[in-house]
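**Student:** The chain contents come next:
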Amino acid sequence: MNYEERLSNVSVLGAAGKMGSGILLLTAVEMADLSLKPENRGKQFVLNAIDVSPAGLEGLMRYLRVQVRKLAEKKTVFLRKLYADREDLVENGEIIDEYVFDVMNIVRPVTTLESAFDSQLIFEAVIENQELKIRMFSRIAQNNPHQPWFFTNTSSIPIHLLEEGAGIEGRIIGFHFYNPPAVQRLVELITTGRTGAELVDFAHHYAKNLKKVVVPSNDVAGFIGNGHFMRDSLHAIREVERLSKEMKPVEALYVVNKVSQDFLVRPMGIFQLIDYVGVDVVQFIMKVMNPHIPGEELHSDLLDRMIGLGVKGGQYPDGSQKDGFLKYEKGKIVAVYDTDKKDYIPVDTFRSKVDQYLGPLPESFKPWKTVNFSRDGKDQMLEAYFGDLNGMDTPGAILARRYNARSNEIGKKLVEDRVARSAEDVNTVMLTGFYHAYGPINEYLK
Amino acid sequence: MQNLRRKVYMTAGYNTVSLGTGRSEFNPRKPRPGLEHYIREAGQGTLKQIGGAAHVDEGTIGNFMAPRFNRQGHLAGLIPMIDEGLQWKPCTRTEGACASGALALTAAIRSILSETSDVVLTIGVEVQNSMKAVYGADVLAGAGWYQKRKNGHAYFFPGQFSDRAGAYYQKYGMERARKGMGRWFRNAVENARLCPTAQEYENKVPDLEALYHKMKINGAVFVDHLNVLDCSKVSDAASGIAIMSEEGLKRCGIDPRDAVEVISWAQVERNLTSDPPDLTELTTIKKAAHRALEGAGITINDLATIEIHDCFSIAAVLTMEALGFAVPGEGADFIAAGHTARDGRIPVNTTGGLIGWGHPTGGTGVHQAVTIWEQLTGKAGAAQINIPADKPYGMTINMGGDDVTVVAIVYKRGC
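Quick mapping for you: the protein sequence lines, in order, are chains A and B. Position one of the first sequence corresponds to residue 2 (the numbering used here), numbered consecutively onward. Position one of the second sequence corresponds to residue 81 (the numbering used here), numbered consecutively onward.
If you are wondering where the hints come from, they were derived from the structure by calculation, not from laboratory data. Errors might be hidden in some of the hints.
Derived contacts from chain B toward chain A, CB cut-off under 10 Å, selection only [unchecked claim]:
1. 217
2. 219
3. 221
4. 224
5. 233
6. 236
7. 294
8. 300
9. 302
10. 333
11. 336
12. 337
13. 341
When the alpha-carbon atoms are kept at most 27 Å apart in a straight line, the in silico DSSO-like pairs for lysine-lysine are as follows [to be verified]:
14. A:249 <-> A:313
15. B:366 <-> B:128
16. B:110 <-> A:212
17. B:296 <-> A:370
18. A:249 <-> A:379
19. A:76 <-> B:110
20. B:459 <-> A:75
21. A:212 <-> A:38
22. A:82 <-> B:230
23. A:19 <-> A:44
24. B:459 <-> A:38
Idealized CB from N, CA, C, for every residue including glycine.
Take the sequences, apply the hints, and build the full model.
**Tutor:** Set out below in structure tokens:
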């Protein structure tokens, strides 16, 4: 079965979710582009958008229409060539409308799993529940005569457990998109010992067509991305606990968040990142990973306490941040959650005191945005900045060095434990999946 | 030399801001002023300087594609909206693609010459940010022959001038051409920084030529031989000017020294359905400019400044050659040497032109006239250049489509 044939009938499970909708969008566009090639005219391409929620599917179709149009507007030069033989389509507007229709026309929104019984390829993006995933895969495997391949988007469950549980040996691969899939360029590719070579080749071909950066990861719970993120988060939480002996917990949390963002030149502070992903999601990923990571305790009482109090973070449908550890107004942090008082304490009430404690940033400091998007000279900027930070003995500089040292240790351990194949792979994941300006395995801070 | 049967003057120019990318007040996600706002502001700006609408006999308005950009046709009917005093007066809308503005000027000039009016209020307007560039390209493609749209480029007009640039590179060398075009971009922005209504007024890039040369040409997403800095802006703007006879000036109490006299003008049309005779020459511009100069009895050496139609930097290169400032193949060198800069041999587009000030397509012709009026009467503010006593003339060249409709006008300060 060639690439086109494999993509002629595809199902996405959990299509209306945040990850599922992005995967559906990218796959629908890829399939439509294939269907519009002259040699594929007349062939049928079907993409089943499967989800339990009819309301979710309705929202998905609206999302698709808007996003496909945006993509079409960006590739009009290509589309004019694609529709060159359609004399009825003259203007860009007509061509874009037709393309939106052609993409949407491939998608079948459905609430029943049975539609997947005809598919050659299954993308799975349902919630991180091992039993649920196994149950769905088994049912498809038992009823689908085409020996379909399974692409799971799990970010934490070892793939081989799903493979064994569902009895789909050699036919499953971990294809872990980052959120949001349509924007983030990183994909972690996880094979089990049995994954077939043909399947791996297909996955690379598909990723390349989607213009994704593929980083292979071994089949260890959490893989590279969450392997780093979860441990990084736990370090941050422990630092908060340690600092809470000398200051109020809300102040300590503000300190660690600021150190991890400003002092370490990251796109957002660690607690904002946890909020962005969702406090509940982070707790859940740790819970999934923990049994598979011997000798380490991937668990946090603080996260449990937050969830117990109903503070979950996450995002609104428009992508804006919900309140979690931190409270946001127009994207800015305005307060920190106090688990004792069960309320947010305004940052203004302690900011100057805590900033004074941390000490100033070196004069060579430039925010992440400036550094990361500098066309050239990013390395020099970072070297100069961290060079200055190394020479400082303020609590801020010391905390930053401790934080970076731990991040570095986590990165190296991922290579040592053979989760990642190289330090470069670890750094690529953090650079492309987390938008860090530099990788955790670095020589910047001493 | 050809004498006009009557003296024709232009005065009381007014430009709105050229709104679009580059202006800090521009936000594509927020509502913006519409067509009516621009027409009203430009019209009232001119009326205020001539003692009000009661002095006006007639109105002309140049606009290219409001029926598609703004779903509004019948623009002549928007002139009486400017001021109650314009109600019941004759009004005309002109269209000649991006030369629509200049056609509104020539319609007014003709009316003065035919003695049907002594004071004509002329407006040029376009509001184009109503749609994304990819759809705007469809609308602007209307300046070409529709039968060629299907096989044309997604960005039709950039595609046409990209083909001209490609032919020029092949004939005379790409590096040499790009050097001149990069300098053109720099001059445009540097001049725009001196004009508060210009779209690039707030541009602070220190090394503009470095920026230009860093930006790679990418045919997969845009066109094969130009980058976006070679292109004029997508703009919302209007300009107003009053066109008068001597009697008109007296009626409005305007000193002729505050006006420019139209010494000569030429309007030339090329068959829209045929290809340009030579991609490396702007033949229609050449004909129009030389007819206008001949009509004025002057040569290019008598011009203190010109406003040319740099919808694309390559058009500027070709126009300098068409005018005779450089022989074919050396227009880019002429620009690269700084001869078109504000302190050069012939200052061109002194408030930024279409690339720096902005290009509200149907309004550009009027904006060019306003700039020449400002420069020749000493009203250009920070953008003012020196007008040597022995070179008292100015000229505008407004082009519609790919060298199809061209209007060239020669001006001199009134006395």
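**Student:** Each hint: holds or not?
**Tutor:** Outcome of the hint check:
1. 217: For residue 217 of chain B, the interface hint holds, since the closest Cβ of chain A sits about 6 Å away, which is under 10 Å.
2. 219: holds, 9 Å
3. 221: holds, 8 Å
4. 224: Since the shortest Cβ distance to chain A is 12 Å, the answer is violated.
5. 233: Constraint on residue 233 of chain B satisfied, holds at 8 Å.
6. 236: Check passed: Cβ of residue 236 of chain B comes within 9 Å of chain A, closer than 10 Å.
7. 294: This interface hint holds because 8 Å falls under the 10 Å limit.
8. 300: holds, 6 Å
9. 302: holds, 7 Å
10. 333: violated, 50 Å
11. 336: violated, 49 Å
12. 337: Check failed: Cβ of residue 337 of chain B comes no nearer than 50 Å to chain A, outside 10 Å.
13. 341: Nearest chain A Cβ about 44 Å off; hint violated.
14. A:249 <-> A:313: Given that 27 Å is the threshold and the Cα spacing comes to 22 Å, the pair holds.
15. B:366 <-> B:128: Violated, at roughly 37 Å.
16. B:110 <-> A:212: violated, 32 Å
17. B:296 <-> A:370: Holds - the C-alpha atoms of residue 370 of chain A and residue 296 of chain B are around 23 Å apart, at most 27 Å.
18. A:249 <-> A:379: Since the Cα atoms of residue 249 of chain A and residue 379 of chain A sit roughly 36 Å apart, the hinted pair is violated (cutoff 27 Å).
19. A:76 <-> B:110: Answer holds: residue 76 of chain A to residue 110 of chain B is near 25 Å, not above 27 Å.
20. B:459 <-> A:75: Cα-Cα ~43 Å, so violated.
21. A:212 <-> A:38: The hint holds at about 19 Å.
22. A:82 <-> B:230: holds, 10 Å
23. A:19 <-> A:44: violated, 30 Å
24. B:459 <-> A:38: violated, 60 Å
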